[in-house]
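A.B. asks: For the record, the sequence lines run as chains D and Z.
Under our numbering, the first sequence has 37 at position 48, and the numbering climbs by one with no breaks.
Each number in our numbering comes from the position in the second sequence (counting from 1) with 283 added on.
Be aware that one or more of the hints could be misleading.
[Stated by the list, open to error] Selected chain D positions facing chain Z (in silico; Cβ < 8 Å): (1) L49; (2) G61; (3) V62; (4) P161.
To be clear, the hints were calculated from the coordinates, so they are not data collected in a lab.
In this text, a Cβ means the ideal position worked out from N, Cα and C, and glycines have one as well.
The chain contents come next:
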Amino acid sequence: MTLQTKFAGIALLLALSLTVLGRDADAQVLNSGAQTITLQAVLTDSISVSLSSSAVNFNLTAGSASNPGSTGVTATTSWLLKPSAGTVTLYAFFSSSAAALTDGAGNNIPSADFQISDNAGPFTALTTTVPFGGASAGLTLSSTRILGNNRSSSHTDVLNFNINLSTLPNMPAGTFIGTLTIQAQAI
Amino acid sequence: MKTGKLLRIGAIALGLALATTMASAQAINSGAQTIALNATLAESLTLSLSANSVNFTLAAGSAANAGSTNITATTSWVLKPGRTAVGVYAYFANAASALTDGAGDNIPSSAFFIADNAGPSTALTSTVAFGAANGGMQLANVAINGANKNSSRTDVMAFNINLTGGALPQLPAATYTGTLNIQAQATP
């Protein structure tokens, strides 16, 4: 091999190396600066009550302790609460304890003679002061403790009604109307 | 100086803790759902009798022919406001023939007497709310007020047939039958 041939080989190797190096330089990625998007998702706390029916009729018998309502009403309480909520309570109440139902002529059926049985429990008169309604005109239907696994949940209360006229022996004949309110509170 | 700074930091931390607690204690209420209640106490007026038949063993021309038994009428009512009275009445459909033998011989209502609750014996000669003219009597009149719109009363009736008047002493032997009605009325 002549010296001339050796130089020619070296020159060829150098040229090849430079070509490869140049190609590697061309393959390097080019990144932009990172731009951020702030995300905010709000899951609002909520509580609602729905009723299966909004009217109950009573055929009264004078002096009778047992005057059941024409139908039961199911109250479904649904909630989605913050971690700080501890209890969900459902209440039934009248705006006035003295005149839960009235004939409009001064003859009234007080809340003390209006009774509710919740989920087949005992009939209980509305004589308690609750967060809503008139003094001594309410009843706590149910109280649900909120734990980690029921912050989003629901509860049903099947309400049956009765009017006790045994304490109203002089109630005259008439049509007595009233409004019972069902409301829930989370605290 | 350092102690004062620490106290200020502590006070701020306590304030924040209290604020957080107060925020946590805020109640959240559902909407109020209402149930319309409609209770009807129907107006009623009823009258019941302790018995439905009375027999008389008549003595010709006698003023005293007592019935075989007394009858108690129990009147019960549940009334609307505005009613002011409940009257209880006894009456025949025909004053001339309260009882008859069916052969033209009659005992008029004027010869038929009722003593109510041991009161005086009174002939049925008044025109009352029911029955024939001059064929009845009012047994009771109860004033209705706030205390007795839902109430009752009893009338114990003792009966007598007086065969002394007019042509009755000549009443022929026979079986005389009739129907006495007892009825109550609430007014107005």
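A.B. asks: Does each hint hold? Answer for all of them.
C.D. replies: So, going through the hints one by one against the coordinates:
1. L49: Holds. Min distance 4 Å.
2. G61: At about 11 Å, which exceeds the 8 Å cut-off, the nearest Cβ of chain Z leaves the hint on G61/D violated.
3. V62: With a minimum Cβ separation of about 6 Å from chain Z (threshold 8 Å), the hint on V62/D holds.
4. P161: holds (4 Å)
Violated hint: 2 only; the structure is consistent with all others.
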